[in-house]
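S.K.: Read off the chains here:
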Amino acid sequence: MAQKVICTFCGSVCDDVEFDVEEFKPKKFCKLGRSKFSKKERIKAPMIDGKEVSYEEAIQKAAEILVNAKKPLLYGWASTANEAIRLGVILTEKVRGVYDQCASVCHAPGTLAVIEEGIPGASLGAIKNRADLVIFWGSNPMEAHPRHPLRYSMSAKGLLIKGRNDRKVVVVDVRKTKTAKKADVFVQIKPGYDYPVISALRALIKGEDIDVDEVGGVSKEQLKELAEMMKNAKYGVIFYGLGVTQSRGRDRNIENAVKLIQLLNRYTRFVIWPMRGHYNVVGSGEVPAWEVGYQYAIDFSRGYPRFSPAEFSANEVLQREDCDAALVIAADPVAHFPKESVKHLKKIPVIQIDPFPNMTTLVANVVIPSAVYGLEAEGTAYRMDGIPLRVKKVIDTEYWSDEKILEELLKKVVELRGE
Amino acid sequence: MHHMLHIKNGIVIDPKNGIKAEKMDIFVKEGKIVEESEIDKSQCKVIDASNKLVVAGGVDMHAHIAGSKINTGRTMRPEEMRMVRQIANKFRATVGRVLLTSPAIGYEYAKMGYTTSFEAAQPPIGALHTHEELDAIPMVDKAALPVFGNWHFVLKYVAEKDIEKLKTFIAWAIERTKGFGVKVVNPGGVEAWMYGKNCRNLDDEVPNFGITPREIITSLIKATEELNLCHSVHLHCNNLGNPGNFETTIETMKLANGFSNDKRQVLHVTHVQFNAYAGSSWRDVGSGAAEIAKYVNSVDNITIDMGAAIFGHATAMTGDAPFQFTLHKLLNARWSNKDSEIEGGAGIVPLMYLPKNPVHALQWAIGLELGLLIDSDKVVLTTDFPNGGPFTEYPYVMAMLMSKKMREKELEKVSPFVQKAANLPSIETEKSLEEVIHMTRDLPARILGLENKGHLGVGADADIAIYNLNPNEIDASNDYELINKAFRNALYTIKGGTIIVKDGQLVEEVWGTTYWVDATKNVDMKAIEDDLNEYFDLYYSIEKENYGVEEAWIKNPTRLVMG
Amino acid sequence: MIEVEVISGRTLDQGATVEEKLTDEYFKAVNYCELNEEDYNTLGLAEGDRVKVKTEFGEVVVFAKKSDELPKGVAFIPMGPYANQIIDPSTDSTGMPQYKGIKATIEKTDEKVLSVKELLEVI
Chain A
1 MAQKVICTFC GSVCDDVEFD VEEFKPKKFC KLGRSKFSKK ERIKAPMIDG KEVSYEEAIQ
61 KAAEILVNAK KPLLYGWAST ANEAIRLGVI LTEKVRGVYD QCASVCHAPG TLAVIEEGIP
121 GASLGAIKNR ADLVIFWGSN PMEAHPRHPL RYSMSAKGLL IKGRNDRKVV VVDVRKTKTA
181 KKADVFVQIK PGYDYPVISA LRALIKGEDI DVDEVGGVSK EQLKELAEMM KNAKYGVIFY
241 GLGVTQSRGR DRNIENAVKL IQLLNRYTRF VIWPMRGHYN VVGSGEVPAW EVGYQYAIDF
301 SRGYPRFSPA EFSANEVLQR EDCDAALVIA ADPVAHFPKE SVKHLKKIPV IQIDPFPNMT
361 TLVANVVIPS AVYGLEAEGT AYRMDGIPLR VKKVIDTEYW SDEKILEELL KKVVELRGE
Chain B
420 MHHMLHIKNG IVIDPKNGIK AEKMDIFVKE GKIVEESEID KSQCKVIDAS NKLVVAGGVD
480 MHAHIAGSKI NTGRTMRPEE MRMVRQIANK FRATVGRVLL TSPAIGYEYA KMGYTTSFEA
540 AQPPIGALHT HEELDAIPMV DKAALPVFGN WHFVLKYVAE KDIEKLKTFI AWAIERTKGF
600 GVKVVNPGGV EAWMYGKNCR NLDDEVPNFG ITPREIITSL IKATEELNLC HSVHLHCNNL
660 GNPGNFETTI ETMKLANGFS NDKRQVLHVT HVQFNAYAGS SWRDVGSGAA EIAKYVNSVD
720 NITIDMGAAI FGHATAMTGD APFQFTLHKL LNARWSNKDS EIEGGAGIVP LMYLPKNPVH
780 ALQWAIGLEL GLLIDSDKVV LTTDFPNGGP FTEYPYVMAM LMSKKMREKE LEKVSPFVQK
840 AANLPSIETE KSLEEVIHMT RDLPARILGL ENKGHLGVGA DADIAIYNLN PNEIDASNDY
900 ELINKAFRNA LYTIKGGTII VKDGQLVEEV WGTTYWVDAT KNVDMKAIED DLNEYFDLYY
960 SIEKENYGVE EAWIKNPTRL VMG
Chain C
983 MIEVEVISGR TLDQGATVEE KLTDEYFKAV NYCELNEEDY NTLGLAEGDR VKVKTEFGEV
1043 VVFAKKSDEL PKGVAFIPMG PYANQIIDPS TDSTGMPQYK GIKATIEKTD EKVLSVKELL
1103 EVI
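Residue numbers (the working numbering), protein chains in the order written: chain A, 1 to 419; chain B, 420 to 982; chain C, 983 to 1105.
The hints are simulated quantities; they were obtained by calculation from the structure and are not laboratory data. One or more of the hints may lead you astray.
Stated by the list, open to error - Just so you have them, the derived chain A footprint on chain B, three or more residues with Cβ under 8 angstroms: (1) 520 to 529; (2) 537 to 549; (3) 754 to 762.
Unchecked claim - Cross-link-like lysine-lysine pairs, in silico, DSBU-like; alpha carbons within 30 angstroms at most: (4) A:Lys4 x B:Lys963; (5) C:Lys1047 x A:Lys339; (6) B:Lys580 x B:Lys940.
Since the model is a prediction, treat every value here as computed from it, not as a measurement. Don't be surprised by glycine CBs; every beta carbon is placed ideally from N, CA and C.
Next up, chain A with everything else stripped away, as it sits in the complex:
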């Protein structure tokens, strides 16, 4: 019989989905969630240099690598639970390493914008209840967060908005994406022109004229229309994605967008929110924020936390060869980092903790398989809007949870350091 579970794939963290344990069958999920809740190849057992070992032996070896390193990088954390992340932050502090998490190559430029300007936002429930204008800017939920449009944004029903016809949907993108095809208005901009387009909108909303016929490939007429739409909305939202954070301007694009939202709130209500990717990438920033003061790119080599993306983000550390070991958990930097960064990962001892084999497994010296949160392990995750949810354990497993692995690893590290 199917029971309610909470999906642990993307930042939407749908909590209305079901799973039939006997048949191992997901229900109501999107394609991404179904893939998560399906049987697939697992890392069979803990391994040291390709040889199968016990959990205890693998953890002993991992602890030795971390303790013997001058400056280990502990990276990943976006697809695990807060309980594990907290232990990971404490572990990094203990071994005086560098803590960085997947947002570093995803939404961390948005965090830099929060530092510059703050973030005027809302929970997804507030948005579904109130937003009569939804703008997806450089985000494509139809491919990256497939149930987001239905549950929270495009066609979600709520207090003031009774369905798709009660709201306008705009997509701003360089591609006519699947999401753009479902929008009322598609604004196609040239790659790398988000910043000037936002600046033009700020000017137009303030009632200033812009002295050009087009900006970033968008005609002045269309910009004016969009500005009017935004100003006339009762409650608008911009959901921005990697189209903004990973292209030219990065954090500055979002900073400019936040300024646009500040301005719009002088006329109406408007909020902005990032379309966070992994199911608990929010937790991988929130937990270190309360434990050590920062969200990512944190160095402990002096015994206290220092934050500097220019120095301590995973890609900077790897490209400057500024770490001599790495622990990778719940992430796959070998697949997702530029090759300049992967080069160094191939040279140093790597410990991997993950349920599934991936490209990082191919370079890892110590591989520790773990249970899948939401299916085989229980823990706390933060949805993209920061709403906490306790993901469930519905099937038993021999695999240890990340929390247990890290608890034992931390103990072992303390022991080896003679504390």
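Position chains B and C against the provided structure of chain A, taking the given hints into account.
M.R.: Leaving out everything else, chains B and C in the frame of chain A:
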């Protein structure tokens, strides 16, 4: 492990038990204060407290120490984290200037001799996050107050004048959030903010509900009293931060007329400094503290806390989202906002109180005026951390309340605007050491309904602070620097019978309890079941069954059953 | 040969196979480059053809696909190891490499598309 302790020859001030600077011994066993006869002296650790002040551990009844607000504040303000307090050793590394990391919060309270702190505003749907952060704070006991004043269930039941359903809902919500009581922030005003508006006056209508803040507050007091919760309604008033708002504050306090409770107040009005402004604009703003004090002193069912402003850095973070937007515009500062489902909202804005800025100096003066002019049995010492400034400056506020001379010296440094706009320069009152101990220990404990906190009677929790002060020798009026210094670093802080601080240094890490209130016994949940199902189905973005916090998820919970 | 700007990004198939990186499904989900029809025709491509994408930062051989989502002059490669051969690794001190909007040339090639493992070996 709990030691048996014998605290010998200390000079004890314990206002609840009528002990006024008397030389006496205190005995501790299994985390509690016990009779001498309970103790086996051969097994007992003796602490020589000769000529030292011995008091109960401090109780902070209103601070923002855990949850999405302070954490977004930390994220927004890495500049706050550059102050390194402690390098990792046996204890955690800690950083933070005014905003602190969770371990730093616990450690700094402990060093100051505080052993209990309450998170003053828990966004209900974020309760699990708040509890995760509370669980990351070592040393102190803690709890969280969920926010009710703009929650659609509350607005609905107030509109329907259905107190029974309102009571049931409150019991449900406090249980689900593992909360402690009924916090109310700008009732109706935050709902109005969803439409870009606010409710600055008690009779402003809440959009789409046909009710007013007056009705919301009155109904919540009535429901809370009928449920007989250990803590009263805890109210952040409408019209916060605006010149002339002291009148709204007094009008609000009058809503408690007709309600009474044998054990405690029926309305606690919080961080009143921000709600005690006279005048009609920032040009002619002045202090309304004297009028508020006069009113509070004349009734016996209201308590307040100061919300004192401390010069230096601070971060405004409240559930009062429209006020935060006003502040953002006023200061042209960074601004975070969070509209939350159908529960209300919140905002965050960094700020700094500058002594030479006339308005800031006035705020500083008003906070102190409230502490001085209101009966010591009705006003608690707070800074509404981190809104008015750091809790680590409580010793400064204590010393200021006790010394006219210190105030005169401080007044020389601040904007002369204070001389005409505030009462502070002419106030002669000097609170006694006993009064200040009362305002930081047993008064907040009584207001919260914590019978075992804030005093040193037999049966009380063995939360004890020993300071390097001899109450029988100190002349606080002149030796204010000694007061200010002594309360910053306890000689000993004892938490639940364990010595956690010695000579101002951490010696052992302990994990306190998280209190939560269970008032579900006297209500029938069936009364609101259909409404809950309907609202979760239509207006929430998560399932009802996934809403809330289970007791098993909390590190060290204590359930307090009401009724 | 044509000049384009390359962007990388998520797709449904890439996401659905992201926890099965060593499978053929993942290989298929990330080893191609989408082009606007006009660009596709300019290069004289047909189904199954490969292209070599070259930037200042590297080169990679992937399968070519026609897409109705792209304007002329913009090419798309799903996020993953193939795209990461050619994106701009520098972070401008933000920590974030530039994964989108890289100037590139694209030409038809007879070279083969490396497997995920082979790709790792040549790094």
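S.K.: If a hint holds in the structure, say so; if it does not, say that too.
M.R.: Each hint, compared with the structure:
1. 520 to 529: That given contact holds, which follows from 3 residues of the stretch 520 to 529 of chain B lying within Cβ reach (below 8 angstroms) of chain A.
2. 537 to 549: holds (count 5)
3. 754 to 762: Per the Cβ count (8), the hint holds.
4. A:Lys4 x B:Lys963: With a Cα-Cα distance of about 12 angstroms, the restraint between lysine 4 of chain A and lysine 963 of chain B holds, given a limit of 30 angstroms.
5. C:Lys1047 x A:Lys339: The given pair, whose Cα atoms are some 24 angstroms apart, holds under the 30 angstroms limit.
6. B:Lys580 x B:Lys940: With Cα atoms ~22 angstroms apart, lysine 580 of chain B and lysine 940 of chain B stay inside 30 angstroms; holds.
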